[in-house]
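Peer 1: If you're matching them up, the sequences are chains A and B in order. Each residue of the first sequence is one higher than the last, beginning at 1 in the numbering used here. Each residue of the second sequence is one higher than the last, beginning at 1 in the numbering used here.
It should be emphasised that the hints constitute simulated quantities derived from the structure, not laboratory data. One should not assume that every hint holds.
[To be verified] Estimated spans, in silico, between C-beta atoms of each pair:
(1) B/55 / A/29: 57 to 63 Å
(2) B/69 / A/25: 41 to 47 Å
(3) B/66 / A/86: 33 to 39 Å
(4) B/53 / A/28: 36 to 42 Å
(5) B/11 / A/184: 50 to 56 Å
(6) B/52 / A/27: 26 to 32 Å
(7) A/57 / B/51: 19 to 25 Å
(8) A/173 / B/22: 41 to 47 Å
(9) B/21 / A/96: 20 to 26 Å
(10) A/156 / B/87: 48 to 54 Å
(11) A/153 / B/92: 21 to 27 Å
(12) A/27 / B/69: 19 to 25 Å
(13) A/184 / B/80: 46 to 52 Å
Quantities reported herein were computed from a predicted structural model and do not represent experimental measurements. C-beta: ideal position from N, C-alpha, C; glycine also.
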Amino acid sequence: MEVTGMDDDIGGSGYSLEQLSTYLDRGRTPRVAAIESNAEAQAILASMQRMRNLSRELVEKDARAPISESWYDGIMREVAREIRAGRDIPLRRPVDGTELSVTEGALYELIRAVGDEVPGVLVGRVRLAQPEAYGPLQVRMSISVQYGRRIAEVVEAAREAVASAVQRHGELRVGDVDVTVEEVHQDEEG
Amino acid sequence: MMETDAALTGLLVDSAAAQTAGVEEVYAARPLATRLLGGLAGAPEVRSHLQHRADGVDVTVSIGVSGEGDSAEVAQRVADSVRAAAGGTRVEHVHVRVSRLVRRP
Numbered sequence: 001m002e003v004t005g006m007d008d009d010i011g012g013s014g015y016s017l018e019q020l021s022t023y024l025d026r027g028r029t030p031r032v033a034a035i036e037s038n039a040e041a042q043a044i045l046a047s048m049q050r051m052r053n054l055s056r057e058l059v060e061k062d063a064r065a066p067i068s069e070s071w072y073d074g075i076m077r078e079v080a081r082e083i084r085a086g087r088d089i090p091l092r093r094p095v096d097g098t099e100l101s102v103t104e105g106a107l108y109e110l111i112r113a114v115g116d117e118v119p120g121v122l123v124g125r126v127r128l129a130q131p132e133a134y135g136p137l138q139v140r141m142s143i144s145v146q147y148g149r150r151i152a153e154v155v156e157a158a159r160e161a162v163a164s165a166v167q168r169h170g171e172l173r174v175g176d177v178d179v180t181v182e183e184v185h186q187d188e189e190g
Numbered sequence: 001m002m003e004t005d006a007a008l009t010g011l012l013v014d015s016a017a018a019q020t021a022g023v024e025e026v027y028a029a030r031p032l033a034t035r036l037l038g039g040l041a042g043a044p045e046v047r048s049h050l051q052h053r054a055d056g057v058d059v060t061v062s063i064g065v066s067g068e069g070d071s072a073e074v075a076q077r078v079a080d081s082v083r084a085a086a087g088g089t090r091v092e093h094v095h096v097r098v099s100r101l102v103r104r105p
């Protein structure tokens with residue numbers, strides 16, 4: 001596998017999104033240390049695996065509108081963009097020469113995973129902002145809702161799940177969680 | 001500090017971080033160019049980033065932890081472990097960066 005150019009590079013691993021996809025296809029063998037030791041590349045691989053599992057589950061359910069390839073590709077491009085957002089967000093104020101932080105990319109990964117765990121929800125796009133240092137985080141996310149679900153209930157569940165998951169970490173606080181329903185997907189129950 | 005001492009300190013720091021309760025993985029905290037140069041020189045792979053100063057060392061560690069608990073508590077334990085593991089080397093500053101919050105299915 002050739003090492004990619006810096007423009008396509010995921011997290012300084014030297015590998016592009018497409019190359020990571022190929023690596024996953026090969027069962028992650030032979031092992032590439034530059035990928036396995038890189039947090040961003042690992043987050044991308046985890047997201048790819050989760051999306052593939054979701055796609056497989058929908059196909060196995062004889063879904064009439066499973067996740068399309070373009071939807072999958074769009075999500076993976078979003079994931080790559082999010083994970084490259086590598087700003088450090090303090091988990092608390094520094095004390096005695098010790099600084100604790102979480103990367104934006106890690107929070108994006110958490111928010112996306114927590115959102116996808118809400119029944120009937122597939123997360124599309126996530127945006128994160130912290131207008132003031134140590135201030136509350138503002139979350140915006142778009143989702144696809146399973147056909148037949150009560151949208152208001154699903155949105156509220158996603159909002160609560162994200163706020164609860166983020167606020168578990170240090171002094172992080174969440175302000176608004178704006179959720180936009182941009183798609184509806186079906187399965188055999190829909 | 002001799003190069004071998006520096007590499008040894010780095011390996012001790014990596015090991016201490018990896019063995020801290022709650023840490024799932026230790027990732028490369030050094031820039032890619034630095035890692036490549038280190039690899040060319042045949043130095044053992046150190047994932048943490050150590051910047052040596054006249055009177056001590058600044059350490060940056062990149063970790064993945066479970067997204068279920070409080071990552072700040074895990075990161076604080078890592079910082080404490082790193083300071084203890086550095087032995088005779090004075091650690092001026094420790095930055096523990098949580099680079100992944102992993103949710104298990």
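Peer 1: Give a verdict on every hint.
Peer 2: Tested hints:
Distance hint check for residue 55 of chain B and residue 29 of chain A: the Cβ-Cβ separation is about 46 Å, which falls outside the suggested range of 57 to 63 Å. Range check, residue 69 of chain B to residue 25 of chain A: Cβ separation about 33 Å, and the 41 to 47 Å hint is violated. Between residue 66 of chain B and residue 86 of chain A the beta carbons are some 21 Å apart, a value that contradicts the proposed interval 33 to 39 Å. The hinted range of 36 to 42 Å is satisfied by residue 53 of chain B and residue 28 of chain A, whose Cβ atoms lie roughly 38 Å apart.
For the pair residue 11 of chain B and residue 184 of chain A, the beta carbons lie near 52 Å from each other, so the given range of 50 to 56 Å is met. Distance hint check for residue 52 of chain B and residue 27 of chain A: the Cβ-Cβ separation is about 40 Å, which falls outside the suggested range of 26 to 32 Å. The supplied range of 19 to 25 Å is broken by residue 57 of chain A and residue 51 of chain B, whose beta-carbon atoms lie about 47 Å from each other. At about 22 Å, the CB distance of residue 173 of chain A to residue 22 of chain B disagrees with the hint of 41 to 47 Å.
For residue 21 of chain B and residue 96 of chain A, the hinted distance range of 20 to 26 Å is satisfied, since their beta carbons lie about 21 Å from each other. The hint said 48 to 54 Å for the Cβ distance between residue 156 of chain A and residue 87 of chain B, and at roughly 52 Å that hint holds. For the pair residue 153 of chain A and residue 92 of chain B, the supplied restraint of 21 to 27 Å is violated, since their beta-carbon distance comes to about 52 Å. Range check, residue 27 of chain A to residue 69 of chain B: Cβ separation about 30 Å, and the 19 to 25 Å hint is violated.
Distance hint check for residue 184 of chain A and residue 80 of chain B: the Cβ-Cβ separation is about 49 Å, which falls inside the suggested range of 46 to 52 Å.
When each numbered hint is compared with the structure, violations occur for hints 1, 2, 3, 6, 7, 8, 11 and 12.
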